[in-house]
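Protein chains: 4
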Amino acid sequence: MVVPAAVVKERLRGQRIETPSWAYGNSGTRFKVFAQPGVPRTVEEKIDDAAQVHAFTGVAPTVALHIPWDRADDYGRLAKYAESAGVRLGTINANVFQDDDYKLGSVTNPDRAIRRKALDHLLDCVDIMDRTGSRDLKLWFADGTNYPGQDDIRTRQDRLAEALVAVYERLGAHQRLLLEYKLFEPAFYTTDVPDWGTAYAHCLHLGDRAQVCVDTGHHAPGTNIEFIVAVLLRAGRLGAFDFNSRFYADDDLMVGAADPFQLFRIMAEVIRGGGLDPETGVAFMLDQCHNVEAKIPGQIRSVCNVQEATAKALLIDRDALTAAQYSGDVLAAHDVVMDAYHTDVRPMLAELRAEQGLDPDPVAAYRRSGYGERIAANRVGGTQAGWGA
Amino acid sequence: MVVPAAVVKERLRGQRIETPSWAYGNSGTRFKVFAQPGVPRTVEEKIDDAAQVHAFTGVAPTVALHIPWDRADDYGRLAKYAESAGVRLGTINANVFQDDDYKLGSVTNPDRAIRRKALDHLLDCVDIMDRTGSRDLKLWFADGTNYPGQDDIRTRQDRLAEALVAVYERLGAHQRLLLEYKLFEPAFYTTDVPDWGTAYAHCLHLGDRAQVCVDTGHHAPGTNIEFIVAVLLRAGRLGAFDFNSRFYADDDLMVGAADPFQLFRIMAEVIRGGGLDPETGVAFMLDQCHNVEAKIPGQIRSVCNVQEATAKALLIDRDALTAAQYSGDVLAAHDVVMDAYHTDVRPMLAELRAEQGLDPDPVAAYRRSGYGERIAANRVGGTQAGWGA
Amino acid sequence: MVVPAAVVKERLRGQRIETPSWAYGNSGTRFKVFAQPGVPRTVEEKIDDAAQVHAFTGVAPTVALHIPWDRADDYGRLAKYAESAGVRLGTINANVFQDDDYKLGSVTNPDRAIRRKALDHLLDCVDIMDRTGSRDLKLWFADGTNYPGQDDIRTRQDRLAEALVAVYERLGAHQRLLLEYKLFEPAFYTTDVPDWGTAYAHCLHLGDRAQVCVDTGHHAPGTNIEFIVAVLLRAGRLGAFDFNSRFYADDDLMVGAADPFQLFRIMAEVIRGGGLDPETGVAFMLDQCHNVEAKIPGQIRSVCNVQEATAKALLIDRDALTAAQYSGDVLAAHDVVMDAYHTDVRPMLAELRAEQGLDPDPVAAYRRSGYGERIAANRVGGTQAGWGA
Amino acid sequence: MVVPAAVVKERLRGQRIETPSWAYGNSGTRFKVFAQPGVPRTVEEKIDDAAQVHAFTGVAPTVALHIPWDRADDYGRLAKYAESAGVRLGTINANVFQDDDYKLGSVTNPDRAIRRKALDHLLDCVDIMDRTGSRDLKLWFADGTNYPGQDDIRTRQDRLAEALVAVYERLGAHQRLLLEYKLFEPAFYTTDVPDWGTAYAHCLHLGDRAQVCVDTGHHAPGTNIEFIVAVLLRAGRLGAFDFNSRFYADDDLMVGAADPFQLFRIMAEVIRGGGLDPETGVAFMLDQCHNVEAKIPGQIRSVCNVQEATAKALLIDRDALTAAQYSGDVLAAHDVVMDAYHTDVRPMLAELRAEQGLDPDPVAAYRRSGYGERIAANRVGGTQAGWGA
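Chains as they are written, first to last, in numbering that gives the first Met the number 0: chain A, 0 to 388; chain B, 0 to 388; chain C, 0 to 388; chain D, 0 to 388.
This is chain A alone, in the form it adopts within the complex (with noise of 0.2 Å):
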């Protein structure tokens, strides 16, 4: 049976997708960064370009901070900036790898007083969080080593496991720790935390609040990244995404721009196994790059990468294909998919979003409204954000 477009309509109307507050700021590899005009300069003027995602799409209306980047004196201050700017604060991501401190670590460094200030700031951004009423504590660790030997990898883990524990019973009850791996990079030989099961290991040994973030980018060639979705649904510990795309490493290009049917299938397992249902509370948030491309429509394109992926996913016949599935019919089942993956949604979003009083398309609405020409205009002088600020 077709699934109505009022029930996809409807699920699309609940899904919230967040923005990182450095996704408005300059990046680049390590050859090159390449300025781009109208960057903001300050936490507040990405707050902004934030709110324009928000104002055009609709669906995302929180933005999240890194710490020490988006540093701030009065955070009640700041959160109350964004409500008026038309957003809110979200996720806080701590940043432990730029003080010349943790060139071997910062949890892990076999050094005590580094991993202590590593473990402080930690502390500082539960603090944070306490003032801004943010939910979630992203953790991302750069730590590892680039040879054999350099370090300890048992140590390291029992290192990181002391560290998490005392994060972790720093939370209040409402607030969740959200570990997330990667394979590589900037470590070239171990990572600390490489793959999804050492941040389920690491979860399960801290307590439900604890739950692991799927970056889309950080795992190695071949990897099924639904699979791993559909296990930690299933084990109740899938927290949040980072959303990006990839052709190679850690490509971090708009999500959905490199493989949009890797896209579509793991929004399908995430539908599959509760994971769009508000109260399952995993976090749809980007984590991207706009190294060449202009970075707000970057944005936008990405949000809408994700409701399309999602709208597609929701047109899957379930009836149809679990009948499929227990008849042992491969290809029938297949198509069950793939009808639903090569179906345009991009007018049923268009419809959506008059009804809801925005403009059908928002990229080419966000480029009308001359706020990209506005912000390069008057964005002049002080320093543009990037990764080091």
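Hints were generated in silico from the structure; no laboratory data involved. A hint or two may mislead.
When chains are identical, the list treats them as one kind, so a pair holds in a single copy or across two.
Derived lysine-lysine pairs resembling DSS-like cross-links, with alpha carbons at most 25 Å apart [as the list claims (entries may be wrong)]:
hint, residue 1, residue 2
1, K102, K31
2, K116, K31
3, K8, K116
4, K116, K102
5, K31, K79
Put chains B, C and D on the given structure of chain A with help from the hints.
Chains B, C and D only, in chain A's frame:
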């Protein structure tokens, strides 16, 4: 401080490496199985060949069986045959991937009757273990899907969990379930146990005697296997190795042939985590395909390769390593490891063998023995063993 | 400017997709070949099945043969049989990898007599081409080595070059040699033609009628296949495609099943480089293994997948794309391409088929036809075709 | 027959390994560049550091420059400075990836004026070569695209070819153009010279003095680099190596650190193809990033690693190898190679160094020299060199 040769040799004396009955039969790729002269026709002939490997190396006293390839009318008699040949029966490997029924899966098949049939086979294998006196049941499932939509990922996990519980409950108090994972092949979209995290999660659910088996060829490109070894040992869940080596996919080349440095790093983590201590219970097994090279000397070479890697890993000056690691001297720490790796341990191993009354060069001794020529001359007629029997 | 449907349909009408005789026989992995009911026992039955694919799609008028799997006493009679069934004989695929002699290689074997035998087979294939009227000889060599040192890489290149020259000189003026490359399998260390660069270099050495065949499943992870297509078309050396799809290695899944966006990008480069123009001579062939899905509808689905990808690629607004590219607007240029990709072209293809007197839904029509049930009932006894025959 | 140590040492005495000026400056990842004490502030200080590497190894007499990082007012004077420090200026590396203009490419940029600017820089580099007396111009282009559609793949090839012709025509009769390829990074969808095939095809078009540069870290996972070496040597087109090592992507670790067996296999093919003979003109260069380890000893270690791999490769008993290969004894042939690899060549190298008046252990000797402490104390103030200068 340099590790004394006597210490290294003492540890090496205690190491045991199991060879698989199927390594002595024909194997190949989907394109062609090239038959070799002298290949066994019966399980007894496979045992005879395995006994040769033990006779020349002194460290391969057991042979793993694959059921139904090695099905026997009387396993007690088979065990006695093995003993008379100079070896013992080891791990029982269950095979639920070669009946026509298993096209869409065994324990995860959508069809309940097929799942039951597969489970019954697994339970039969435990019966066999009771008769052979085997400690370990190794489970590798070829189950998975080839196309998105073919079957439901999560439901298959439920089915898998159900079967594993039934098998685990059937085990005797001194028996173990070893769950093996594999990224892909023969399934090309999803595999039901694709990575260590999935195997680990199922083992946790089962109990202490469920352990993970690491096949060194079953990972995505770039996966750091020694990290997995370290993490599993830390969690008390590393049950066994299936050793082989690879340049590309699951190539099943002789262990240590493709990346001897990786094998050394793996053995270094095994030792670091106590995995060489008999009480830890880590089983070292070969699982290889000698498609183009001679099989018995191929096994002998592989056993020697594991020994050499172990010897080098034992040579690591742990005190110097730890000191360098804590001093933050990356190069010095790396050098300690490389110094052990670059050492030519073959003279030490030759010495060890001589001390044990063995020929210092097992491959050369085997070649001189004339055994290969004898089996090529005598094993005429009958059906050569292969993956189908 | 939107590309008119009439223009797209006109181009689609001219496209031809060859199906391989072996796709109708049984196939599998090294672990198991699952037989399917109704599989052909003879080359004539394979041709009958291929004729079904053409009957329902209208664009698959030829069938490729694999020698010796499809060896016939009288190829002229076989050609007539094909014509009476509604198709023609197409590309001749030489097979020099299934004789016991070829364990260490065919045309690159260290043994001169085996090299000669392999070459003789290739020359025989040209004789067959003369009789079938085939234009193309496709050469894929399973040759390579499994272990460092097994054979001399460079000497094998010399042997390969010698054989290719001998074959090329034997070709008629209107015949072509298509050299296929593959990263690995069945060889697991070196492959004698592992990449497009090696195939290209040999073709350059031979002459204009030596062209490269791109099998979409034969690349290292991360390889950008459409780039290779663009470069080979620019050099005038893209001879043919072997279409299939993959998630991991050479999975041989249905083309477009694993990454439909990649297939679209490939077809976009084909069109950009003139490869869809008949005079360019690019041959579009399927080369897949329907291990778990039904074979004839699997081929029909695959043909449709190629058509859909082609239709989408034809929809790219080239003027808008070029304008965006020259303006440096990365997002706008990307959007032009994605706009074409996201279009649901199935209605247009249904229309095109109706215009040609075909059923708009070839898979459904085939299923309704009862052909599958008839062959399952009638093809009883005999030996089912597979990779060995 | 065992290869005599004297023969090996004689060949080693003739080997030269170039170090890059930028290895002495700071480097890092996109996440963070960790500064190290004592890093050079000027090109002269880089040369001083390079001279240390030569002083302790005796085989690194030249240093490669990167323009504009190493721009000088008077290259003649710089050359004299180098000579007075005990080294010579070597390969000139052109850099057309760090100006804001190059965001969408340099010689392949859609904007003609930017292409001209990039070409002018390349021609300037030839001017510099005339003054430094350098033989080789190494061209690595960061050019590519991040998104499908961003630019036209084929047109970019045309632009690239045009620039290369212009540079090649400007070269003096004894100068060479080395074209380097790289799979990805900083471009994440297409790279304009992604593989050896593309580099080779452009070199063929240019002429004999255009040669391919193989950077050992620039390949897709699973790529057999020694095969490429063999093929390029056979075609007379292997111009140079950029040595480094990797576990994942272009990690730029110390050569031989990640996979010493691969480095050995590469050197074995170099020797097999005559690439160690000075007249072949293969240049051996390091191109690494010492992100976390000390830089000068890191370079010394790397030079030693190349020497050790070369020594082992020279130890291969070629007669025994060939005999085993022709006899079809896979294991015996493999054993000949492994026998050389497993040999500990460090004593032989220590001997060689002693014969040349060098300390047998260059890293230890450097550490004892106090140079590292001196530069850390003296190089205060100024701006440390890095990838931006």
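Against the structure, the hints come out as follows:
no.: 1; hint: K102 / K31; result: both (21 Å within a copy, 9 Å between copies)
no.: 2; hint: K116 / K31; result: between (30 Å within a copy, 18 Å between copies)
no.: 3; hint: K8 / K116; result: neither (47 Å within a copy, 44 Å between copies)
no.: 4; hint: K116 / K102; result: within (13 Å within a copy, 38 Å between copies)
no.: 5; hint: K31 / K79; result: neither (35 Å within a copy, 32 Å between copies)
Comparing the model with each earlier hint shows violations of hints 3 and 5; every other hint is respected.
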